[in-house]
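Novice: Next come the chains, spelled out residue by residue.
6 protein chains.
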Amino acid sequence: MKTVVVRNIKRADSNAIGTFEALGVSTVHEALGRSGLMKTYLRPIWVGAQIAGPAVTVLAQPGDNWMIHVAVEQCQKGDVLVVGCTTDNTDGMFGELLGTSLQARGVKGLIIDAGCRDVKALHEMGFPVWSRAVSAKGTVKATVGAVNVPVVCAGVNVDPGDAVVADDDGVVVVPKKYCAETAAKAQKRFDDEDGKRKRLATGELGLDMYNMREPLKKAGLIYVDKPEDV
Amino acid sequence: MKTVVVRNIKRADSNAIGTFEALGVSTVHEALGRSGLMKTYLRPIWVGAQIAGPAVTVLAQPGDNWMIHVAVEQCQKGDVLVVGCTTDNTDGMFGELLGTSLQARGVKGLIIDAGCRDVKALHEMGFPVWSRAVSAKGTVKATVGAVNVPVVCAGVNVDPGDAVVADDDGVVVVPKKYCAETAAKAQKRFDDEDGKRKRLATGELGLDMYNMREPLKKAGLIYVDKPEDV
Amino acid sequence: MKTVVVRNIKRADSNAIGTFEALGVSTVHEALGRSGLMKTYLRPIWVGAQIAGPAVTVLAQPGDNWMIHVAVEQCQKGDVLVVGCTTDNTDGMFGELLGTSLQARGVKGLIIDAGCRDVKALHEMGFPVWSRAVSAKGTVKATVGAVNVPVVCAGVNVDPGDAVVADDDGVVVVPKKYCAETAAKAQKRFDDEDGKRKRLATGELGLDMYNMREPLKKAGLIYVDKPEDV
Amino acid sequence: MKTVVVRNIKRADSNAIGTFEALGVSTVHEALGRSGLMKTYLRPIWVGAQIAGPAVTVLAQPGDNWMIHVAVEQCQKGDVLVVGCTTDNTDGMFGELLGTSLQARGVKGLIIDAGCRDVKALHEMGFPVWSRAVSAKGTVKATVGAVNVPVVCAGVNVDPGDAVVADDDGVVVVPKKYCAETAAKAQKRFDDEDGKRKRLATGELGLDMYNMREPLKKAGLIYVDKPEDV
Amino acid sequence: MKTVVVRNIKRADSNAIGTFEALGVSTVHEALGRSGLMKTYLRPIWVGAQIAGPAVTVLAQPGDNWMIHVAVEQCQKGDVLVVGCTTDNTDGMFGELLGTSLQARGVKGLIIDAGCRDVKALHEMGFPVWSRAVSAKGTVKATVGAVNVPVVCAGVNVDPGDAVVADDDGVVVVPKKYCAETAAKAQKRFDDEDGKRKRLATGELGLDMYNMREPLKKAGLIYVDKPEDV
Amino acid sequence: MKTVVVRNIKRADSNAIGTFEALGVSTVHEALGRSGLMKTYLRPIWVGAQIAGPAVTVLAQPGDNWMIHVAVEQCQKGDVLVVGCTTDNTDGMFGELLGTSLQARGVKGLIIDAGCRDVKALHEMGFPVWSRAVSAKGTVKATVGAVNVPVVCAGVNVDPGDAVVADDDGVVVVPKKYCAETAAKAQKRFDDEDGKRKRLATGELGLDMYNMREPLKKAGLIYVDKPEDV
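For the record, the sequence lines run as chains W, S, G, L, D and X. Following the numbering used here, the numbering of the first sequence begins with 344 at its first residue and continues without gaps. Following the numbering used here, the numbering of the second sequence begins with 344 at its first residue and continues without gaps. Following the numbering used here, the numbering of the third sequence begins with 344 at its first residue and continues without gaps. Following the numbering used here, the numbering of the fourth sequence begins with 344 at its first residue and continues without gaps. Following the numbering used here, the numbering of the fifth sequence begins with 344 at its first residue and continues without gaps. Following the numbering used here, the numbering of the sixth sequence begins with 344 at its first residue and continues without gaps.
Next up, chain W with everything else stripped away, as it sits in the complex (with noise of 0.2 Å):
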């Protein structure tokens, strides 16, 4: 690992950013061709916040901070901090200070796999945060890692600049080159999708609106009448 900051980074494009924030997590990894997810111990403090932004980076050692005061000052309005731990670690490595911090940059949230404290007063101030736990303890700020270096965060690998977007289904990266292209096939989707909410909410059945009897049938799927049958 270098220990190092890259001051300026490359941010995924702004458009495609809003059409993720507006639609959601779970559209966009669909659109995204079900990639992408991080793992789903991360979760968020609060419900209710859903946010997109262009990722600033940290690589942070365990039970230590010290990258995350770092990243602060390269972070700009609209981005989402994601930090990865160079080993599995819940220490309470962010709190409402930090929060009231990046708060003040503009960033719209946080991305954490580590832990997470003052979960009551983030809440209060709306500053929403995804973490693998939250935990009181308190960290050092000993050891240097990097900002704005590629990390993997709960198994996804994020570069400085990627898409990342956040709500209560999740957190899901979007690649920058891929930014465009999958805002335009989740909006799609979007679309799409009312009309088969609306034939749903009638009684019709997905397996003839899909037409899914004739290939259940190929796939071997077959029909009794009672379990003595089987």
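These aren't lab readings, by the way, just hints derived from the structure by calculation. The reader is advised that the hints may include incorrect statements.
[Claimed, not checked] Derived DSBU-like pairs (lysine-lysine); straight-line CA-CA distance at most 35 Å:
| no. | chain 1 | residue 1 | chain 2 | residue 2 |
| --- | --- | --- | --- | --- |
| 1 | X | 560 | W | 345 |
| 2 | S | 484 | W | 561 |
| 3 | W | 463 | G | 345 |
| 4 | D | 539 | L | 345 |
| 5 | S | 561 | D | 463 |
| 6 | X | 520 | W | 520 |
Fit chains S, G, L, D and X to the known structure of chain W by using the hints.
Specialist: Frame of chain W; chains S, G, L, D and X shown alone:
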């Protein structure tokens, strides 16, 4: 595994189910002799729902929700859909569209030993789900499984038609043949508890109310006056 | 293990406890030198409570809540009940009836390294619980344990009478002999933080406020201008 | 749960069991349509054993091995003892003395969804155990459970008398009624594999041997020459 | 946490330790009233070692093994080093060089609630380690902790000088003041078991040897002849 | 995700790979600045193997090993196959037949963030595998993934051709561009360690050899003579 759909199942007695829904999981679980409880990793995606109904069962492949689409057709008003998986999996096999479809048929809720997505939408439409994870991870429709065969879901064997009860405390399954007996015991337990609650609220000790002092002494418990006496 | 109940314990200083309850877990944990924090798998069954009190301790057998019934009698107004278990267990050892009984005695809350049930009722009556699981699984009353002996609960050793502080960030334990010193440090920390918060809110960087630039350089952190420079 | 011991159970066909023991878990599991496999947290306490036999089942309480003592009497030569637990538990419910007792009756091995101890002694006496943990934690004999009722063990429902197959790859359960059919399919699969192994050893590609190129193309897989082409 | 090294500790009685080392973990744990056992996630990095000795304790920071280097100086011939961590961590805090150093001082082995590396070399040199993980993750030497203060290691409180016993079944801790009494009970238990083992090997049932039939009946266990009778 | 196979990849320098294979994971991981280590849940299915080679990468669907069959064709003598999965999965995606096929092509071993089966046969044929589980669970061949695209495997991003090193301590990945520099550092570290080992074996303290006493004092560590002094 037989790749089969069983069309006609025998459903648990509706009177018992009414009792179960009114009394909730903890009371029913006690009345069943403290068995039938699903593992605690299964959690409601939103709190406050309390349901009971006969199980329509699904055995699904990991990352594949084809059989849930098939199962919708087998559901009747008042049913609860129960999805087991052939291997541990947290993918988001269920979301808003399937929820809309099940709600249109009068299904009361979903128990799924895998992931769920669109949690905000499902909450807004009032469709309750108990799942092992929230995950936006989309699924394929490639491999068939089975509907209305016995499945193990979160550690409990569920036969089609068994009564399933779910609330904030978890999910319990009552085999069809024990429903009537269990409903009677659950009602009695509930009636008894109210008197106990009132006595405890006045400060009466459970030690006295349950006559525990003598058995505790016999089991070897002693009292000392100070830590140094241990 | 001695199967014993200790009747008279020394309780932590009530002034310190008042300070702890006002300041909350994260601040107290920092003031104690970042120790004494229970593992993060312990979560509140409902959010928003913040309590502190001297510990009455229980050592229970898995799936057996007999000792909790015994412990109720040893509790005084303002106490916090702390339950450790001889082996990992998530059964629902505690529910509405025991909560009613503890509340009648003025106990502030429960910390239990096992499961809890009746979460809706406990929320409605305002009795806070921090547990490792929610589980309707009922327990037997068959094997004795101990009350008011030292117990390890969620990774922390708790002596009877130690101060226990719990809120949405978790649970921290302050040994009796450190209470006064810790309360003073916690209050000072709290007073200091307010000034920092205000400065950060204006956009001042922690890097400057904490004078981190020089030590970071010394620790080997370098800045580069573009990703290609790494 | 009924606290009952069933004395006479129907055991799986011994010819099929002989085939299962010779072919091992992976082959049998395939022949059963890829079902019936216990969860992977169940591991052998020593490697190299391969057994099959009809199940004598036990439903035990956490931290309580009373029912295992009861079950010994119900075992016959060639049986495999299968222990499920009413709740997740890793206590050392089984050790050298019980192993000696089962071995004296000709029992082939133990499958236990809890802990095991005396692993060195059990290895030396050649008694195989598949358990979810190794733990010296002793257990009480205080609460009754059941013997020879259906139990869920490590995620699989086991009816008394079902064929249980265990080796270094894990544990699979074949319901009595599918034993003959499954044994035939397993033998055929085993015979087929030898030819395939030889062809692959010469360097022939599975892509060609299984005729996968066409279906892969149809499923959308494309080939490019350089990373930049993606 | 006080950042302190305590130089002179009182060590558990050496006669008791000799008995513990001869009898092993399961027997000692029983003699101690089934308490003091560390959690089962702690496993030996190689099988076959059986040790006992007084504990020299370390409280380490996550990802930082500085205090282990400090602790070496405090170790005497026959000691066992016990390392707790201020937060869950699996980094490889210990390897061949530290093992060489401890072995040079006559230390019998290491118990560490974190990771260990160089497992092949440690096996070859015959230095036993019980750890929660094997990990090559290197650690820093940046933040101080404490040596010879009470630590919680894998769920058990260890005071400096307490007797630690470890073998393939796990790790148990005997507080100094209970050593003599526990050694006597352990020896008695061991002597008793030999007779039981012989009787069980002849086929005598535990049900009869332990006179369990009457208490089982009283506890509500019934026998039926066929599954249909349940 | 693009469903694509990349045919021509650039492989890490073979001289560096030779050094990595000779020195092993812990030394290489240190030389890389303590990064690149896969998570510790990845374990060898048999102990004693030590390999290094350029990565051929696979991105597979849960419960589906189709892409591994595809990847075999892309492997050259000396390669290491690395399999990531689009979602957490422990199914036995790899067994004796695929092992035979890879061995026929000269592949050195497999790293798979999923399950493996036929462990006894793979051990006998000397084909090493590092997996997250052993599981007999068979897989389908229904959905395509990708070969030789970047994949995250057990928490580490692996680009095709990166050097992968694996032994009993785990698995580390060295990006192609850092291979030469890392090999040189690793060799130097290895040479240095031998002298240290000899000094430590004579009883010299690391405290003195590493000159730690002064920095420890500065970091706040104090020594006291008796526990009461704390």
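Novice: State the violated hints by number, sorted upward, taking the hints as numbered earlier in the document.
Specialist: Those not satisfied are hints 3 and 5.
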